[in-house]
Amino acid sequence: MDGSVRLVEFGTGLNGASGIGARPLICAAGGIKHGKYVKCLAWSPSAPLLATGSADGAVQLTKVLGQPEDRGNTSEIRLENVRTMHLPGAIEAMCFLDNGNTLVCYARETPYLSYFDLTDECKQTKYNVNEAVKGFEDHVSFAIMHLVPSPNEKHLAAATDTHRNIIFKAGSSKQVRNLYGHKNDGFSQPKIAWSQTGQYLFGNTQEDSSICVWDIASSSIVKRIDRSTGGHSGQIRDMFGSPTSDTIVTASYDKTVKVWLCTMC
Numbered sequence: 001m002d003g004s005v006r007l008v009e010f011g012t013g014l015n016g017a018s019g020i021g022a023r024p025l026i027c028a029a030g031g032i033k034h035g036k037y038v039k040c041l042a043w044s045p046s047a048p049l050l051a052t053g054s055a056d057g058a059v060q061l062t063k064v065l066g067q068p069e070d071r072g073n074t075s076e077i078r079l080e081n082v083r084t085m086h087l088p089g090a091i092e093a094m095c096f097l098d099n100g101n102t103l104v105c106y107a108r109e110t111p112y113l114s115y116f117d118l119t120d121e122c123k124q125t126k127y128n129v130n131e132a133v134k135g136f137e138d139h140v141s142f143a144i145m146h147l148v149p150s151p152n153e154k155h156l157a158a159a160t161d162t163h164r165n166i167i168f169k170a171g172s173s174k175q176v177r178n179l180y181g182h183k184n185d186g187f188s189q190p191k192i193a194w195s196q197t198g199q200y201l202f203g204n205t206q207e208d209s210s211i212c213v214w215d216i217a218s219s220s221i222v223k224r225i226d227r228s229t230g231g232h233s234g235q236i237r238d239m240f241g242s243p244t245s246d247t248i249v250t251a252s253y254d255k256t257v258k259v260w261l262c263t264m265c
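Sequential numbering of the sequence shown, starting at 1, is according to this note's numbering.
For the record, the hints were derived by calculation from the structure and aren't laboratory data.
Possibly wrong hints are sitting among the right ones.
Below, a list of computed lysine-lysine pairs in the DSBU-like style, where the Cα atoms sit at most 35 Å apart [said to hold, decoys possible]: (1) K223 <-> K154; (2) K169 <-> K223; (3) K154 <-> K258; (4) K174 <-> K154; (5) K36 <-> K255.
Computed from a predicted structure; not experimentally measured.
Please construct the entire structure, taking both the sequences and the accompanying hints into account.
Right under this line is the structure:
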């Protein structure tokens, strides 16, 4: 909670592991440091570039230079601060689009998504998230807590702190779908993940430990994966959908991580 970002190296045989091992990366010349605690981060899909967002409204872009240098039980890495942007609220969610050329951020208490063009000096474009409700474009009725692009990057899924997940057309304010049937509030940790085909969206719910599966075409929940069907016994705190395979990964407060074969795909 001190505003620092820690990096870890994973690899075969690290620290004496027979399989995949891990060891901390020591950052030369300091490392990544924010004025307040970090709330979200995202890796570029096309470059060694890490975006981090903080409760103080700062977004830092940090480039990893070269490969880690072996220091025994640790490794040393060199980092370069590329740019720092400032938004008027805590950074709750971010993701990369356009093969890493665009960074999308949401700041709490703002009615828009900020698109930063990394090919044009991080030029900012704002897209209002309430444009569908005419006359209330500046009203803030929810916070976006997780952003995930669809596999073809034509759409952007947003998990909110209300009982609502929204599918936006990427690079616009257009709401393509609104997904309901789960429960979330300001104290929950809403998370979402796409299926590889983009046909389904997976998400957690505050009411129990189940995974909700929405069919995008019908906007309805078509399946719930709960404890009785091999799901988690505690609430899900994070999830990830692989863009290259039919797998979903979920992490829970029950201290387990589960890898799912997405039979819905």
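Practice problem: Compare the distance between the alpha carbons of K223 and K154 with 35 Å, and conclude whether the hinted pair is satisfied. | Solution: 25 Å, holds
Practice problem: Verify the proposed pairing of K169 with K223, using a straight-line Cα cut of 35 Å. | Solution: Between K169 and K223 the Cα gap is close to 25 Å, so the pair holds against 35 Å.
Quiz prompt | Pairwise hint evaluation, K255 against K36, where the allowed Cα distance is 35 Å at most | solution = 27 Å, holds
Practice problem: Take a quick look at whether K174 and K154 sit within 35 Å of each other, Cα to Cα. | Solution: Given pair K174, K154 holds - Cα atoms ~12 Å apart, limit 35 Å.
Exercise. Quickly compare the C-alpha distance for K154 and K258 to 35 Å and report which way the hint goes.
Key: 28 Å, holds
Hint violations for this structure: none, all hints satisfied.
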